[in-house]
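There are 2 protein chains.
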Amino acid sequence: MKRKYIAKIFVTLRPSVLDPAGVAVQSGLQQMGYNNVEQVRIGKYIQLTITSTEETKARQDLERICDQMLANPVIENYRFDLIEVETQTGVM
Amino acid sequence: MKRKYIAKIFVTLRPSVLDPAGVAVQSGLQQMGYNNVEQVRIGKYIQLTITSTEETKARQDLERICDQMLANPVIENYRFDLIEVETQTGVM
Chain A
1 MKRKYIAKIF VTLRPSVLDP AGVAVQSGLQ QMGYNNVEQV RIGKYIQLTI TSTEETKARQ
61 DLERICDQML ANPVIENYRF DLIEVETQTG VM
Chain B
1 MKRKYIAKIF VTLRPSVLDP AGVAVQSGLQ QMGYNNVEQV RIGKYIQLTI TSTEETKARQ
61 DLERICDQML ANPVIENYRF DLIEVETQTG VM
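Chains as they are written, first to last, in our numbering: chain A, 1 to 92; chain B, 1 to 92.
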């Protein structure tokens, strides 16, 4: 039985890593008059669908995918939410 | 009274817009053996703190900030979550 999940993946810079893009956005916002905005950090938001026999397997795959492709573990953290969307019975 | 909020902002491509980066990631994952991954879409995840007298005002500011700076409304959608983190009493 196949299960289909939507994965919502958040990749963020580790707190100790400088974020020049975030600093640039904050500086731009200040020039636009938004002096009430601070600590801007820019990360990635990736959404995908993954098919798997069980949630544990899907989570294992996703962790590998994040480590190998979507995030740079040296400077980035990631986390993901998994939402089951449909279940297909039949031959794998 | 000032209220401080953490805003978590998600900027995603509109569904009708092609995402070449997402297609490239999916193709790379297939070459790595992950044939169970589909519909990869890559967006931005921005976190910031915003100070305001009330939540309604913070939300208005954030909508303007997203429209003018963080998202391109022609090709991107955005949404955000607002979390109150601390309240400071005193002169604004």
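Since the hints were derived computationally from the structure, they do not count as laboratory data.
Note that beta-carbon positions come from the ideal geometry of N, C-alpha and C, so glycine has one too.
Mixed in with the good hints, there may be bad ones.
Straight line, CA to CA, 25 angstroms or less: simulated DMTMM-like cross-link-like pairs of lysine to aspartate or glutamate [as the list claims (entries may be wrong)]:
id: 1; chain 1: A; residue 1: 2; chain 2: A; residue 2: 19
id: 2; chain 1: A; residue 1: 44; chain 2: B; residue 2: 54
id: 3; chain 1: A; residue 1: 2; chain 2: B; residue 2: 76
id: 4; chain 1: A; residue 1: 44; chain 2: B; residue 2: 84
id: 5; chain 1: A; residue 1: 4; chain 2: B; residue 2: 38
id: 6; chain 1: A; residue 1: 44; chain 2: B; residue 2: 38
id: 7; chain 1: A; residue 1: 2; chain 2: B; residue 2: 84
id: 8; chain 1: A; residue 1: 4; chain 2: B; residue 2: 67
id: 9; chain 1: A; residue 1: 2; chain 2: A; residue 2: 81
id: 10; chain 1: B; residue 1: 8; chain 2: A; residue 2: 84
id: 11; chain 1: A; residue 1: 57; chain 2: B; residue 2: 81
id: 12; chain 1: A; residue 1: 8; chain 2: B; residue 2: 19
id: 13; chain 1: B; residue 1: 8; chain 2: B; residue 2: 61
id: 14; chain 1: A; residue 1: 8; chain 2: B; residue 2: 54
Restraint-style ranges between C-beta atoms, simulated for each label pair [claimed, not checked]:
id: 15; chain 1: B; residue 1: 27; chain 2: A; residue 2: 8; range: 38 to 46 angstroms
id: 16; chain 1: A; residue 1: 86; chain 2: B; residue 2: 69; range: 20 to 28 angstroms
id: 17; chain 1: A; residue 1: 77; chain 2: B; residue 2: 83; range: 17 to 25 angstroms
Each hint tested on the structure:
no. : hint                               : in the structure
1   : A/2 with A/19                      : violated (40 angstroms)
2   : A/44 with B/54                     : violated (29 angstroms)
3   : A/2 with B/76                      : violated (32 angstroms)
4   : A/44 with B/84                     : holds (23 angstroms)
5   : A/4 with B/38                      : holds (10 angstroms)
6   : A/44 with B/38                     : holds (18 angstroms)
7   : A/2 with B/84                      : violated (40 angstroms)
8   : A/4 with B/67                      : violated (34 angstroms)
9   : A/2 with A/81                      : holds (19 angstroms)
10  : B/8 with A/84                      : holds (23 angstroms)
11  : A/57 with B/81                     : violated (30 angstroms)
12  : A/8 with B/19                      : holds (16 angstroms)
13  : B/8 with B/61                      : holds (14 angstroms)
14  : A/8 with B/54                      : violated (30 angstroms)
15  : B/27 with A/8: 38 to 46 angstroms  : violated (21 angstroms)
16  : A/86 with B/69: 20 to 28 angstroms : violated (37 angstroms)
17  : A/77 with B/83: 17 to 25 angstroms : holds (18 angstroms)
Going through the hint list in order, the structure does not satisfy hints 1, 2, 3, 7, 8, 11, 14, 15 and 16.
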